[in-house]
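Peer 1: Position chain L relative to chain C; hints supplied.
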Amino acid sequence: MATNTIALGPLHESVVREMANIGLGHATTALAGMTGKAFGMSIPDAQAVSLEELPLQLGGDELLTVGIYMPIDGDTGGHIAFITPWSSAQCLWRMFIGYAPDAAEDVDELQASTMMEVGNIITGSFLSAISDMTGLQMHATPPQLMVDMCLTVIEGVVMCASIADHTALSLRTSISDEGNQIEGYFLFIPTVEGLSAVFASLGLAEAA
Amino acid sequence: MVVATTILVGMAETKTAKGPATFACLGLGSCIGIAILDPIAKVAGMVHVMLPEAFADRPIEKPGKFADTGVPHLISELEKLGAMKSRMKIAISGGAQVFKFGDGTASRMDIGNRNSTAVLAQLKSLGLHVVAQDIGGHNGRTMTFDSSTGEIRVKTVAQGEAQLCILR
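If you're matching them up, the sequences are chains C and L in order.
Note that the numbering used here gives residue 555 to position 64 of the first sequence, counting from 1, and the numbers run on in steps of one.
Note that the numbering used here gives residue 471 to position 14 of the second sequence, counting from 1, and the numbers run on in steps of one.
Chain C with its partners taken away, still in its complex shape:
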């Protein structure tokens, strides 16, 4: 169903990765401030993927997954999501509040809002990095949380992404503290016009 594919050249990929690195630098600082702990964050790879390929990368169609979704508002529209397998989400909860729910149905308001706040910080930092580089105003609107099968979570994002823009810039993201290592996927789904605006403002022509 990849109708509007966004082809990324090597230059564009390195631009996106650079924006993400700057964003995650900000996010690491913010998360450390929130918890008083030191975190490492890295982006092992950045690539354009069709949303249908994502369950494979995450580990399976029906794998229990946590997804934080936020629409982007401002000069250029789009969607942003952070998707992480349940085991990694449990690690995140332990890092931030010291304990984690055992099962999906045990997630309470505090745990949900913690997860949304983490998502807020990560994505907010990423967006401000893009804004700083491009001069385009972009801000995330309030987050929403899903805890469900991987395909259901992705469907939730696809539904919100107005079904037209199926290609996401997928940034595999790794977060770690002394004892834990968390893997997740950070998805940036710009509208096609939005992505062109980002690249145009950087003086780059449409991706080849």
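Calculated directly from the structure, the hints in this document are not laboratory data.
Keep in mind that this is a model prediction, so the values were computed, not measured.
Treat the hints loosely; a few may be bogus.
As the list claims (entries may be wrong) - From the derived model, a few chain C residues whose C-beta atoms are all more than 12 Å from chain L:
1. Phe-530
2. Gly-531
3. Ser-533
4. Ser-692
To be verified - Some, not all, of what chain L presents toward chain C, calculated at C-beta under 7 Å:
5. Val-555
6. Phe-556
7. Phe-558
8. Gly-559
9. Gly-597
10. Ala-615
All C-beta atoms, glycine included, are put in the ideal place defined by N, C-alpha and C.
Peer 2: Positioned in the frame of chain C, the structure of chain L alone reads:
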């Protein structure tokens, strides 16, 4: 259980088969899986609709995407294989509100509920009767349909897997 020979019905897809077949819609959130069986002609199929109605101002690339085009599309595909509307048995599942936490546009749009309403209205207008339905709530569902037995099963993360009904 989703076996290797299962016909997967992805978002906006319509799949049909004459003779024994197993279909599955994986991870239905606000989307709806519609399973139809004509037990006499042994013709079966599923459609995985995403939205209540087609956009008036855009071409319809995949009729299976919308309730108002997907339901008639599945029925006509089944009729091509020899099924008759009067013998069709139907089960539906999905239409959940998957955003459990947070108040945003997605929750307010309540697509799941609108999808359920649209699918039921569409089936009713075509004079078709729904044998069983498992719709709404807050959980994603995997719906499987074995046309040889007519068995429909629904699986969720919270409740595991259970039989919804037998179409016959």
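Peer 1: Decide, hint by hint, whether the structure agrees.
Peer 2: So, going through the hints one by one against the coordinates:
1. For Phe-530 (chain C), the non-interface assignment is confirmed: its Cβ lies about 24 Å from the closest Cβ of chain L, beyond the 12 Å cut-off.
2. Every C-beta of chain L lies more than 12 Å from that of Gly-531 (chain C), the closest at about 28 Å, which supports listing it as non-interface.
3. No beta-carbon of chain L is positioned within 12 Å of the beta-carbon of Ser-533 (chain C); the least distance is around 27 Å.
4. At roughly 26 Å, the least C-beta separation between Ser-692 (chain C) and chain L is larger than 12 Å, which holds for a residue marked as non-interface.
5. Using the Cβ-Cβ criterion of 7 Å, the hint placing Val-555 (chain L) at the interface with chain C is satisfied: the shortest such distance is roughly 5 Å.
6. Taken as an interface hint, Phe-556 (chain L) checks out: its beta carbon lies about 4 Å from the nearest beta carbon of chain C, inside 7 Å.
7. The closest approach between the C-beta of Phe-558 (chain L) and any C-beta of chain C is roughly 4 Å, which is under the 7 Å cut-off, so the hint is satisfied.
8. For Gly-559 (chain L), the suggested interface contact is upheld, since its CB lies about 4 Å from the closest CB of chain C, less than 7 Å.
9. For Gly-597 (chain L), the suggested interface contact is upheld, since its CB lies about 3 Å from the closest CB of chain C, less than 7 Å.
10. The beta carbon of Ala-615 (chain L) comes within 5 Å of a beta carbon in chain C, closer than 7 Å, and the hint placing it at the interface holds.
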